[in-house]
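Required output: the full structure, derived from the provided sequences and hints.
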Amino acid sequence: MSIEVMKIVTEAEQMAQERKMETLAKAKKIVSDAERDGQKLLTSRIEAAQTQVKLLMTRAEEQAAINEQEIFRETGKKCDELRLAAEKRLPAAAEFIIRRVVNV
Numbered sequence: 001m002s003i004e005v006m007k008i009v010t011e012a013e014q015m016a017q018e019r020k021m022e023t024l025a026k027a028k029k030i031v032s033d034a035e036r037d038g039q040k041l042l043t044s045r046i047e048a049a050q051t052q053v054k055l056l057m058t059r060a061e062e063q064a065a066i067n068e069q070e071i072f073r074e075t076g077k078k079c080d081e082l083r084l085a086a087e088k089r090l091p092a093a094a095e096f097i098i099r100r101v102v103n104v
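With full-length UniProt numbering, the residue at position 60 of the sequence shown is 60, and numbering never jumps.
Honestly, the hints are just simulated from the structure, not real lab data.
Honestly, I wouldn't trust all of these hints.
As the list claims (entries may be wrong) - In silico DSS-like links for lysine-lysine, alpha-carbon gap of 25 Å or less:
{"hint": "1", "residue 1": "20", "residue 2": "40"}
{"hint": "2", "residue 1": "77", "residue 2": "88"}
{"hint": "3", "residue 1": "7", "residue 2": "20"}
{"hint": "4", "residue 1": "26", "residue 2": "7"}
{"hint": "5", "residue 1": "26", "residue 2": "40"}
{"hint": "6", "residue 1": "29", "residue 2": "40"}
{"hint": "7", "residue 1": "78", "residue 2": "88"}
Since we're looking at a predicted model, the values are computed, not measured.
Here is the structure:
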């Protein structure tokens with residue numbers, strides 16, 4: 001083999017090695033960019049989900065407060081009804097007790 005052919009082969013091997021290194025560097029950059037973009041997207045989605053959770057929690061708390069007031073109102077109404085019913089029976093109950101005590 002002549003020296004000239006060996007030079008050409010050596011240069012071709014060097015060029016192939018350089019292209020391989022360039023391609024590898026490009027591939028690493030593509031992977032790095034994809035990971036960075038993926039991380040940004042993930043962070044964005046997490047923040048959006050957290051915002052949505054906060055909104056849903058606020059709505060749930062507001063609805064719970066409304067329900068609580070309604071329950072208090074209904075309970076108060078039932079207590080008033082029971083108190084009125086008891087007050088209506090009070091004279092009869094007092095008379096019954098007096099008869100038992102006095103034996104009339």
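Cross-check of the supplied hints:
no., hint, result
1, 20 to 40, "violated, 30 Å"
2, 77 to 88, "holds, 17 Å"
3, 7 to 20, "holds, 20 Å"
4, 26 to 7, "violated, 28 Å"
5, 26 to 40, "holds, 21 Å"
6, 29 to 40, "holds, 16 Å"
7, 78 to 88, "holds, 15 Å"
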